[in-house]
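Enquirer: The listed protein sequences correspond, in order, to chains A and B.
If you're matching positions, the first sequence starts at 1 in full-length UniProt numbering and goes up one per residue.
If you're matching positions, the second sequence starts at 1 in full-length UniProt numbering and goes up one per residue.
Worth double-checking, as some hints may not be accurate.
Just so you know, same-sequence chains aren't split out, so a pair can sit in one copy or run between any two.
As the list claims (entries may be wrong) - Under the rule of at most 25 angstroms between Cα atoms (straight-line distance), these lysine to any residue pairs were calculated in the SDA-like manner:
id, residue 1, residue 2
1, K339, Q167
2, K253, T269
3, K339, T164
Please keep in mind that the hints were generated in silico from the structure rather than gathered at the bench.
Okay, here's what each chain looks like letter by letter:
Number of protein chains: 2
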Amino acid sequence: MIVNIPPFSENSAATAVSPQSLIGFEGPEKLLEVWFRPNSDAKECRELHHRHRSCGLRIVDQPTWEDMLNIVKCQVLSRKSNDYVDEFVLSESSMFVYSHKIILKTCGTTTLLLALPRILEIAHTNCGLELVDSVFYSRKAFMFPAKQKWPHGNWGDEVLYLDTIFQPEHFHTSGYVVGKINGEHWNLYTAAPRRDSDVVGWDEEDPYSEADEEMEELYKDDLTLEVLMSELNPEKMKAFWKKDGETEEEGAKRIYNDSGLGSIFPHTTVDDHCFDPCGYSLNGLIDQYYWTVHVTPEDHCSYASFETNIPISVAASPLAYQSYEEVVRKVIGVFEPGKVTVTLFSRKPENKDRETSDTESRSESSTSVNGSNHATTLFQLPVVGPGAVASWGRKSVDNIVSSEHANMVLTGSAVDGYLMRDRVVYDLGGWDLVFAQFTRKRRRALKFATEVAALDARPEEVRAAGKAAEPEGISS
Amino acid sequence: MIVNIPPFSENSAATAVSPQSLIGFEGPEKLLEVWFRPNSDAKECRELHHRHRSCGLRIVDQPTWEDMLNIVKCQVLSRKSNDYVDEFVLSESSMFVYSHKIILKTCGTTTLLLALPRILEIAHTNCGLELVDSVFYSRKAFMFPAKQKWPHGNWGDEVLYLDTIFQPEHFHTSGYVVGKINGEHWNLYTAAPRRDSDVVGWDEEDPYSEADEEMEELYKDDLTLEVLMSELNPEKMKAFWKKDGETEEEGAKRIYNDSGLGSIFPHTTVDDHCFDPCGYSLNGLIDQYYWTVHVTPEDHCSYASFETNIPISVAASPLAYQSYEEVVRKVIGVFEPGKVTVTLFSRKPENKDRETSDTESRSESSTSVNGSNHATTLFQLPVVGPGAVASWGRKSVDNIVSSEHANMVLTGSAVDGYLMRDRVVYDLGGWDLVFAQFTRKRRRALKFATEVAALDARPEEVRAAGKAAEPEGISS
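Bound conformation, chain A alone (with noise of 0.2 angstroms):
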């Protein structure tokens, strides 16, 4: 088994706190998820892997999830499944588990990395899935890390440790930190298996090069958006508190229908729960793709999640929208945040695509970003902004505007009301990210400059995260 499991997860000390609690309860979640290749192992699976109910990780018992779950903290609520797909509602988020992938999201103080090596235990022990494809883990800034329990609270801990278990002999890892350290900030790892074609030994014995045109096909178009919100308006807020009389189930069907939730993706199955005293949670299922939604609705620490896989084609019908802009607009139109992440990976074309569609401007030699097997060249640079630096001639820019990713083309028009702040892009090698931040803008009702210094202010934070402080040895 190539990826190396310590025995973290004795160390758990972890206690879970309820989203009942009301005093500083940590909305952004810990979000893990894990891509399996099919092995010789597992090929009569491998042959169904597509679509089965018995397949890859979806075989495993709930029982066996109940007992990693128990070491990052949390429980099952409820769950769903259809052809492709197991929903589970948490007592802390969600997780959705797929034949060849687990997409885990958990928030308050659980320990969720805690339990990654638990889950590549199961996926090897129970389903011969022993090698892992893509791993992303991400998390927003904590609003208290101090509450969190180790790895989490440090994002240098949770790179360190997850960089134990995908070690650097088997995988290339990225620990990111996006956007502004003293402002509002997002945390990326990554990691991919290592195929660099000059190390030594993979041409020989590249465990990873039977499976690449059906893992090919299981990433093809894959995207994930994440809407991270918080300072919520209030009056929107009431909505999210159980009324006094109402079951949990009445409640969330109310929560459901009246807070603008119902609207987003009404012809999506829906499994949701309404927290006593407060608190939404909800995961939608449509074929492959799922949405989840989180809500934390107290007003010292108010916080709202929306993530999504559901490409624009399918959200698109029966709803008319266009874009994901479209979607963003309506989900920060429900919570009316005053300060907004948005988060988008998108898969890249196939290589073989890109290579047959790009020959002009590409050279024989090739690069590769991140570990990844798609060909780049040196300065194929991405472009911000009109005018901006630009690496494409007219015949692949076409390319790029008919390609089958045109449908995820995000048209400019800007969200009434708010400012971005940040926007970065990342090369993940298989994928492309896009980040960006906005904040609502101010009311002219803030008269004097020291509140305006107040809200952006936070000296202790930047001093005590030092957050680049490299000792010896970064490159002797």
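Please build the complex by placing chain B on the supplied structure of chain A, with the hints as guidance.
Expert: Below, chain B alone, put in the same frame as chain A:
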């Protein structure tokens, strides 16, 4: 005066380490660039602003700059001037003084940021330049951060220090960690005046409104290319040691001619210096453009930096450069580094141009990024590769490749022998920034997995860095 000048420079107890030191010299430089806006006090000067020997910052005499450089802990070794700019070769790197901006780059354990208040004071008191228009401060992760003096050595401290000078009432500031915290990374801080139309007071009394057009003229087509290299080829480094019996002048001449540096921009006026026993610095000028090179050749801490603002149209005459890629390739050829970081800032075309050329995809509502007055739209998203999330229709795409920035188009072909490990794009309001990181391919001679692992694993660094230990209160 809008900027706040605390008495930080009184705290300096730093001692400079000369390039001659054989024990872990810190080659990676701190780089500060400050742009000033002429105000009514400097009106007479402003009319001559573009090209005048005695205008703006250029009226400052050398003893005043030397006094400022004493705070940094470095000295002037030589200087040259032309109609546009004064360049200084320093005992630790370089300084360039224009009428409207200053660029200060210092290596070793110099305390560059401690001199920033003095620079602002000189600009205000001596030159009547009281409005700071843009600030950029950047540095690669240090090799030996523990040797640095406060506020250097911890990126969080540097950001906090800068935020104390550029306060949130008046400036939008951004502190970024660019690249992998568990690998090669580079830090960037930017500040730009707050000009939000909805922040109280600005619409009545925006001191920046006076010289908008002139600033746009100064900014037009501005760019900065940096190539930061480590693990240099020891064979190539032999040229950068002073030979026995050779004077420093003879050494500099030999290095310039023999190393390959002399063929990069041969049509420029060069001021260079050979250090004893090793090390080399070069400043080159052509009209308003510069290039600068600094080399630390010692094997255990080898490092070289290349920086220029020469547009490719100027660089290409009399040379046959078609793109910056060719310049980068030539620079890499001189040093044959194991690791290469490339950064490219480029000024976006001015607001007016963008609005007229991109009306099809632009709504009436606009947002602003980083406090710039450049209008942007919510999902006018950057593009990373063919087929990625695109925001332009064909019309605006044509504008990209046919724009005045077309001479900056970097067409694709790899640097032989290097793998691209990271690529990130930032939208910095008025500027686009591209960051890319490359690693020389490994030799097949690396037989053992443990050796391969040792190249990447730096757990102490990641753990000690604790780069995102966010304490309480990030949004409370």
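Enquirer: Take the hints in turn and mark each one as holding or not.
Expert: Cross-check of the supplied hints:
no.: 1; hint: K339 / Q167; in the structure: between (36 angstroms within a copy, 21 angstroms between copies)
no.: 2; hint: K253 / T269; in the structure: within (13 angstroms within a copy, 75 angstroms between copies)
no.: 3; hint: K339 / T164; in the structure: between (34 angstroms within a copy, 24 angstroms between copies)
The structure shown violates none of the earlier numbered hints.
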